[in-house]
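Given chain H, put chains X and S in place with the hints provided.
These are the residues of each chain, in order.
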Amino acid sequence: MTEPSPTAAAAAGRGKLVLRRFLRNRLAVAALGLIVLFYLAAFTYTWYAPWAYDELDPAANLLPPEGSHWFGTNQIGGDMFAQTMRGLQKSLTIGLLAALFSTGVASIVGAAAGYFGGWTDRIAMWVVDLLLILPPFLIISILSPAFRGKTWFILVGLIALFQWMITARMVRGMTLTLREREFVKAAKFMGQPAWRIIAKHIVPNMASLLIIDATVNVGVAIITETSLSFFGFGVQAPDVSLGTLIANGSDAVRTFPWLFYIPAGFLVLTVLAVNFAGDGLRDALDPSSSRSRRRERKRVAAATQSTPDSETATAGAVV
Amino acid sequence: MTPTPPPATDAPVLEVSGLDVSFPSESGRVHAVRGLSYQVAAGEVLGIVGESGSGKSVSSLAVMGLLPPQARISGSIRFRGREIIGQSDAELSKLRGKKIAMVFQDPLSALTPVYPVGAQIAEALLVHGKGTVTKEQANRRAVELLDLVGIPNAAQRAKSFPHEFSGGMRQRAVIAIAIANDPDLIIADEPTTALDVTVQAQVLEVLKTAQEVTGAGIVIITHDLGVVAGFADRLMVMYAGRAVEQGPVDTLYARPRMPYTLGLLGSIPRVDAHEKQPLVPIEGQPPSLVDLPGGCPFEPRCPLSADVCRDTEPALVTLAPAAPDAVVDTAHRAACLRLDEVTAHHADAAEVYGAEVVAQAPAAQVPRAERDTVLDVRDLVKHYAVTKGAVFRRRAGTVRAVDGISFDIVAGETLGLVGESGCGKSTTLMEILDLAMPSGGSVAVLGKDVATLTAKERKAIRRDLQVVFQDPMAALDPRMPVGDIIAEPMRVHGHSAGAIERRVPELLGLVGLRPEHADRYPAEFSGGQRQRIGIARALALEPKLVVLDEPVSALDVSIQAGVINLLDELKAKLGLSYLFVAHDLSVVRHIADRVAVMYLGKVVEIGDVRTVFEAPQHPYTQALLSAIPIPDPVKERERTRIILTGDLPSPADPPSGCRFRTRCFVFPQLSEEDRQRCVELEPPRTAKADDHDVACHYAKTREVV
Amino acid sequence: MTGFLLRRFANYIALCLVATFAAFSLASLAFSPLDELKLRNPPPPQATIDAKAAELHLTMPIPERFFVWLGDVLHGNFGRTVTDQPITDELFRRMGVSLRLFLLGITIGIIIGVLVGVVSAIRQYKISDYLATTFSFVVLSTPVFVIATVLKAGAQSVNDNLLGGYQFFIVQGETSGLDGGFGDVLLDRLQHIIVPTLAIVLTQVAYYSRYQRSAMLDVLGSDFLRTAQAKGLTRRKALFKHGLRTALIPMATLFAFGFGLLVTGGIFTEKIFGWYGMGDWLVTGIQKQDTNIVATVTLFIAVCVLLAGWLADVLYALLDPRVRIR
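Residue numbers (UniProt numbering), protein chains in the order written: chain H, 1 to 319; chain X, 1 to 705; chain S, 1 to 326.
So here's chain H without its partners, still in its complex pose:
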């Protein structure tokens, strides 16, 4: 830490390598591009869209896409483009934040449980088991009457709170392996205190896994959020999320298809893009998980071992 210059230079070297590997994966790059595009579109739509999401056009109910209503209108004359962008905004933000929080919690709990072992481990794993029995959907929907009308940040917190357990188990498993690694023992034998060992040696060595896991969690969080909203347990009116929009459109799917297929399409594309980008990231950060052969065959398409919560499959991501 006292020698920032060489460290930074070398880190940049690794960063460059990862970037180069990532850029080679065209599908992942396209996916990342799509996410960025969605993000920009969703957050700037007020600048260029003719309608606002909470604005009603009394002259246009259930209009198919045309004129100033690019994505048509809904039953009460709301502009579907503005609403979809607004919903995308909500879903993306909630997904990203929840994933960030849950991966953070998971790495702290998992690393502490794995490193200290004993009672810390037992208690932590018991809590994990307990929360795994209670599906997040169940708990959050039970709590939904209580946070109705309050800020959507509570929803982010709740999604994160019930999504960290599997990652925590994975982190714990890797910490158990890392704890026996000789460089961790070396640090211990030179007198490095436990929390510094966790911060300096254990967590950095799981960085690839945590980054990959965070992207997986983004997809999961977005699906959780939209699922909750679909039943009215998540984002509440008058605000919209892709889930509420899809719920609204699902009854009219055969008569007014744009009400359903447009938000659903955006949702699927978003999650798909997140997953493909995460997959490319996994390949770039952890080349051992992929095989070199397909580089040669230039068939860098979808295929990789996508195993979000298998301990064995991700163990290779340590280094």
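Treat the hints with care, since some could be wrong.
Stated by the list, open to error - Label pairs and their in silico Cβ distance ranges:
{"#": "1", "chain 1": "H", "residue 1": "15", "chain 2": "X", "residue 2": "516", "range": "16 to 22 Å"}
{"#": "2", "chain 1": "H", "residue 1": "154", "chain 2": "X", "residue 2": "440", "range": "54 to 60 Å"}
{"#": "3", "chain 1": "S", "residue 1": "85", "chain 2": "H", "residue 2": "255", "range": "44 to 50 Å"}
{"#": "4", "chain 1": "H", "residue 1": "30", "chain 2": "X", "residue 2": "108", "range": "55 to 61 Å"}
Keep in mind that the hints were calculated from the coordinates and are not lab data.
Where a beta carbon is used, it is the ideal one built from N, C-alpha and C, also for glycine.
For chains X and S alone, kept in the frame of chain H given last:
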């Protein structure tokens, strides 16, 4: 001097010619094997020697037709005159296991975990004997085969699953599979590398039996010139995917001509050396096989390299003609452009490579009794509970990993702690490094009993007690630049940034690296260099005692010598004391002043290294020493091995009385009353000579090396 | 062994109880079942509200309420709904509905999933592998409610456009309730179950095939597979006899937990296709702010997970000799 000529047959069993194998990789095509040619006759043993990445395993997988589909293969492999390359999987599978059999390196993963061992052997018979062999016959034959390879109680054990077998037993089972159909050719790929030296001796015995029973030609692949010395008839040394020297085994050991072979032979510490021999380090590392520059691939590491070596890759030159009646090529050939120079030096490795014996430290001249004690271990005990099963956990009992051992180390001294894996040597080491109160006995570092230390004192002692680990890959945090790794102990102990900045290049220089290496990451270094970084880190705080946990066992032989020499030098230069844990007795013989032999948590023999190695008194020490192969075919053929039966008993349930009695070769020869003593009474450690303690009721000197 | 299994069982029971207690407490805190009564117009007298509160045990502190409910449960009585219907009868009826819906889907899903995964792994980076992978990615990126809605709309379109209006696929409910011979009833049930089962199978296949593929790939590079080939088995035979058998071990746990998570996974399918099963009940319970329904469903989920854990242990022991105890 001439080896037994192979039995005359019309043609060689196996003929490989111009074999090329390459794989795609991220950085380009890896040319793993380049123009390899060799033959094997029936009943003959060909040894293929090389370091990791020399292409020796790839070439044998090519013979089996088991290379991954992305491999590109050209050349010719003819088995009994029939071309193998290009055959379909169905065709090859008729040959595999029937005519050509293979024994793999890692016995732990070579058997399918979910089927009983007997069934897996029987399968080999059933596959090839469709319609002619019944299931019962196959099962009966499987038991016979298990019995043949020396599994006691074979009928019973055939029903066991692989995880219930020890490594040595699994390797026997794999050999049983290999010989099941009486093959014409057995390929053994590092069959003993993963095994302890005593088990290695057993497995080599079994392989010899297998050859006698089947009369097959054997290809044994190894990196250990000791293993093949007494076993092979002919030898082929591989480097960078090519044969660089080949010939009859005696010729090759007596008159090596390629500098690489010379270096390999010179880099092995010898257990039979009476005086300290210089160890020859081969600097550098094998070339990348992705794009080899023209010229001799060994040139960058060769002490005799000249301009011509950089331009032309040498072809094999015949030095001695083949035996006229042999069906295979028995000529002595070497690929080197500087053969004259090698001959001029009389093929003396130390002379060619300029290696010298490291001088002793001045402290070593002081009598032992007058030096300070840096480590004093008294009756140390470490027991722990074990649970069994991945799902159904249950307490399986108490493991007596370390059960009352005592030894001490004085300033400037090296104590070697040796024994098979599972004997408790690593546990002992971790107990010492933990600096916590042991579950029994005492540990005193630099005169301070660790049981009574305060947190502050403990940290202070950590300055003087440092460790170097076995696996140089795992010992360095891959996410930290080397400079930070070396600086970490100094940061922990509060050195100033300025002091650290000055010290890091100094330390790198000390272990033979360059100061600019500080900015690089561990992954950019070879195994030997990484181990040097580990040593630099251990030396950062100028410790008094360094604990070395198998520091060279993960390194290739050619690299190993350099690290051993470095450790030797540093000890003399800095007046260090070493606790050197190893399973390789020849390395201990080279570096240690005293040696302690451990068996099942007990020290069975301890004393001056020369006394223990030259006049061992405990049967276990004798067996250990006798199991070590010597890289000298003449000596090897004359030696009689003490082969220990069975495996190390579980430390959770050690035998009563003398723990070694279940495997002891003396025990069965004793009279009934004498045996009773071994069964009932644990032999106490008694002094047999000045600085030589033995724990055996019937200790007797035997010369075994 | 027995001691171990008992300890394990005790731990599961404790987890179940704590989980149910947590759900009960959270529901009690979050729900206000009297709202509906209070907001009636004209407002009912205070006495009526108080009586309802007493009837729902709202006067007691939450832990006491829980233990009263739990005491009843031990006697086979799961309490009454806010609208004063007995829960127990409903519970068994709905369990039956869920089981009928999911058993078929999950079984087919596992079988196809394993097959697809194995083929993908063996033919890694071939067209079939890319197709299977793309399929999995798309399905796993699509929430169940979108898949179910699209399938539903698709089936209706098929009825209208391809079958000329003949309603072959029925996408609402479990049965038309018609009275007829065995064949008629069976056909009617089949017409109802095909589309929802397809929704379940699609997600299950996507999920299991990914895991099976990676488990199989782990095994593909293993030494024992090489040994099997070295003794003369063809690659195909070695793959199935030695490879697949070993690769199935880690899958066992997944299968078991797949059954365990049947309820929560099925909420959308039940809701969208109008099957009145456990998942549908949970949503109804929450919408009606009914603590007893929520607690009952939670207990059911917890017991499912418990049984799944148990099943996973047993399957593991059956498949893997390394964990068997002799």
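Checked hints:
1. H:15 - X:516: 16 to 22 Å: 21 Å, holds
2. H:154 - X:440: 54 to 60 Å: Since the Cβ atoms of residue 154 of chain H and residue 440 of chain X sit about 56 Å apart, the hinted range of 54 to 60 Å holds.
3. S:85 - H:255: 44 to 50 Å: Between residue 85 of chain S and residue 255 of chain H, where Cβ atoms are some 35 Å apart, the hint is violated.
4. H:30 - X:108: 55 to 61 Å: The hint (55 to 61 Å, Cβ to Cβ) is violated, given that residue 30 of chain H and residue 108 of chain X are roughly 44 Å apart.
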